[in-house]
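Student: In case you want the letters, here they are:
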Amino acid sequence: MLEQAEVKSIDAILNDAQGQRGMLIAVLQKVQEKVGYLPEDAMQMISDRLELSFSQVYGVASFYKHFHFKPRGKKIVKVCMGTACHVRGAKAVLNELESKLGVKEGETTADRSVTLETVGCVGCCALAPVLTVNDQDLYGELTPKMVDDIIGTVRSEHGTHV
Amino acid sequence: MTTKMVNMEIDGKAVQVPEGMTLVDAAQTVGIHIPNLCHIKELRGVGACRMCMVEVEGLKTPVTGCTTRTKEGMKVQTKTPKVEEIRKFVTDLVLSFHPLDCMTCPKAGGCDLQRYAADLKIQESSFGRKSFNYPLNDRSPFITIDNNYCILCGRCVRVCKEQGTNVLDFMGRGITTKVSTALDKPLHESGCTFCGSCVDACPVNTIMERDRWQHGREWDMEKADSVCTACGSGCATIVSKKNGKIVKVNAKEDTGYLCAIGRFGFDALTAANRVTSPMIRKGGKLSPATWEEALKVAADGLKKAGANAGFIASGSLTTEEAYAVQSLARDVVGSANVDSTVSAYAAGLISAIRTMYGDNGTAMLSQADLHSADCVVMIGADPSQKKQKLQEADVMIRRRAQAGAKVIVVSTEKTDLANHQNAILLQVKAGADAALLAGLMSAALAEGAQATAKGLDGLKKSLVSADEAASTSGVAVEQIAAAAKAFAAAKNPVVVIGTGVSMNEDASLQALNLAAMKNAGVMALLLEANGLGVVSAGCLSDLGAGFTKIKKAGKGYSEMKSGMKALYLAGNMPEVNFKSDFMVVQTSHITALAEKADVVLPMTALYERAGSIVDMYGKQKSFAAAQDAAGVAKDGADIAAELSLVISKTKGFKVKDVAAAIKKFKAGKLAEASFKPVSAKAGKSAALSASELLAGMNKGMLANSAVAKVAAPQGAPVSK
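Protein sequence lines correspond, in order, to chains P and Y.
With our numbering applied, the first sequence corresponds to residues 1 to 162, in that order.
With our numbering applied, the second sequence corresponds to residues 163 to 882, in that order.
Since the hints were derived computationally from the structure, they do not count as laboratory data.
C-beta: ideal position from N, C-alpha, C; glycine also.
Any given hint could turn out to be false.
[Stated by the list, open to error] Chain Y regions said to be covered by chain P (calculated; three or more residues, Cβ under 8 angstroms):
| hint | stretch |
| --- | --- |
| 1 | 201–212 |
| 2 | 341–353 |
[Stated by the list, open to error] Result set (DSS-like, lysine-lysine): computed pairs, CA atoms no more than 25 angstroms apart in a straight line:
| hint | chain 1 | residue 1 | chain 2 | residue 2 |
| --- | --- | --- | --- | --- |
| 3 | Y | K347 | P | K65 |
| 4 | P | K65 | Y | K340 |
| 5 | Y | K711 | Y | K816 |
| 6 | P | K34 | P | K70 |
| 7 | P | K70 | Y | K711 |
Isolated chain P, as found in the complex (with noise of 0.2 angstroms):
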């Protein structure tokens, strides 16, 4: 269930673009950023506001890897899995870091602090391998005793403690 400030902030976004459908991508990402995923009464309130049908929201939506329908972590951890990251054992960190976290790739914790994912390539690979925080942080030539230390910064920036 959306909660009381989610369901005012949705409503504020779609206020703009009732009725019109040609505006559903742009809207799918404002609600995205608000709420952090797309919850099914968030798409359900944009397919009456819309008025397009759910399936057709849906279908939208999955169509792009930016859309996420279960709830993300306030840090996303994304390591890189490109060629030259493999190479030099980006595997190993990905193993450490599922390890550690206690999720799989692809995973949220519990606290909803951390999203573990992989990436393709970030384009960095003379500093291979590596891995974002929030698409914003860089952390390179990584080895799989740096992980701890990594998730105790991502972490304590969140406000928990390792």
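For chain P, the structure is supplied; the task is to place chain Y on it using the hints.
Tutor: Just chain Y, lined up with the frame of chain P:
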């Protein structure tokens, strides 16, 4: 509507085909099949599968036959080596992700992909084979989806969208695209009405009837045309049987529609509450009897009551059955008290039609051409797939709306169709329909509607301004203006009249006045399969068979509900509140009404029936029995004929007499329409709920059917 024909050449043959039609459809009209996996007849092609490639003289490259439209002088080749090569390649690609298990596949024989692969001599894909191992989606009743077979043609997605159900769509992207519901929920949690249009559309084994596995394949089945008589649409069907058992039912027309009742409701024929033998009341309890015994008791009771016997024919009876009932009453028992259930919900409309067009006026209804309408005015009519009532009418009107027709909705509530983007809703206060229509007509005249019917001056005097109508009816004057403009500009408007006004003669007359103003077609949204046929067969208290005059009018439906010495109720009744000293009920299923009867006579149902009906479009449909009757059940015409002979050897009649009499029916010439002014003041509402009536009528039949769960009109659930 006449379509312009053009001269073309297809495969060297000179042909005449309608202009602007897709090449695939046009070629089919002259018997040439252009292979295709994604085209749906009469829908705009999407050119997705590339199977329908053809060569057109003057064009460098082959084009898709489903998106190219016919033009004068076009020369098309559908079977050149070049296009064959393309088709082979397409089939090769499609087969690279298709399970090649035709030997056990229930779709075999009816599968388009199998047929084309055979035609093109492709045994297996030259690309190897990729399998996805999707789990079988059998989480819903009636329909299963197996995405492993899916070729992503999108036919199901498009039929679902086009008819406004909008449940299926493509989910995901690329090679992992999947046809499914939002969030992959089960169909029954996604707003699916289980009409099964997607089943008919699917070219392969992806979307199928649930019970098809190991229940026979196309070549095992015996097929017969039939008609579903569960509601006013009377949809044409194809019934497929194996070893005498119905396996599946499909829509007969490619562009047709069937709802869940028509497609999956055949289990009602063998349901536990089916009446398979006659019954008579003995010691206060109904117990089985032979036909001889039952007919004797019924005959004695009716004879005793004589002129005080009442006869009510259901609007779902065939014309033959209805004729037999009124003949039994008037010619054999000697009672003038004959009516039909149509009078229970459309008495006002029928008399309005007779006032305006003469006693044979209902014959006029066949002139309405909904399928080419560019403006549909719905007055007190709310057909709805979502609410599961008159779904087919909803689909047909929605298709017109999708094609750009304006839908003007005059109703006391926001109907489902009023939500369409091409709809104009005139939401009136209860009882103000006639008043609103008076304002709408004056606004339409001001917009330039050219009325040709007689008596326009008299009508004008009765009309009120749009402003006045707005204040009486509570509709915004801008809405009335918008509706009047759309109606005045329409070339082929159709006026649809439903149960919201059909008990109100004034409102019905006003609706007919509106139609006459533009010489528009009129459609009476009658709830039962043969409402019009039953009327023409003479099941009205003051009109004889074949629209003939009768000497003395008898009692009508509501007067017969109680106080008759004997009552003969034939077919499904919308209610159970009948009281009589002696009651004969002719029914296919045990109902609360049958339980009160003194004699129960078992009747055929759905696909067991034979005869003819006139559906709500005024179209005559004749059909033979597609399935053997359950037990010793008989068609109503046989029952009435046999009963008549027990009552009187001399006056009684035979079934062949019935058929002969019906052949002689002639609607004759219709009276020229002339306006019949009515008061533009707000009156009392006589609105009835189509949901409740329909639920009542089909309650017995559907009580033990699996479709009861999904096909019960909302607001009036069918209970066991």
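Student: All hints are to be evaluated individually against the structure, with a verdict given for each.
Tutor: Taking the hints in turn, this is what the structure says about them:
| no. | hint | verdict |
| --- | --- | --- |
| 1 | 201–212 | violated (count 0) |
| 2 | 341–353 | holds (count 5) |
| 3 | K347(Y) <-> K65(P) | holds, 20 angstroms |
| 4 | K65(P) <-> K340(Y) | holds, 15 angstroms |
| 5 | K711(Y) <-> K816(Y) | holds, 23 angstroms |
| 6 | K34(P) <-> K70(P) | holds, 14 angstroms |
| 7 | K70(P) <-> K711(Y) | violated, 72 angstroms |
Violated hints, listed in ascending order, are 1 and 7; each of the other numbered hints is respected by the structure.
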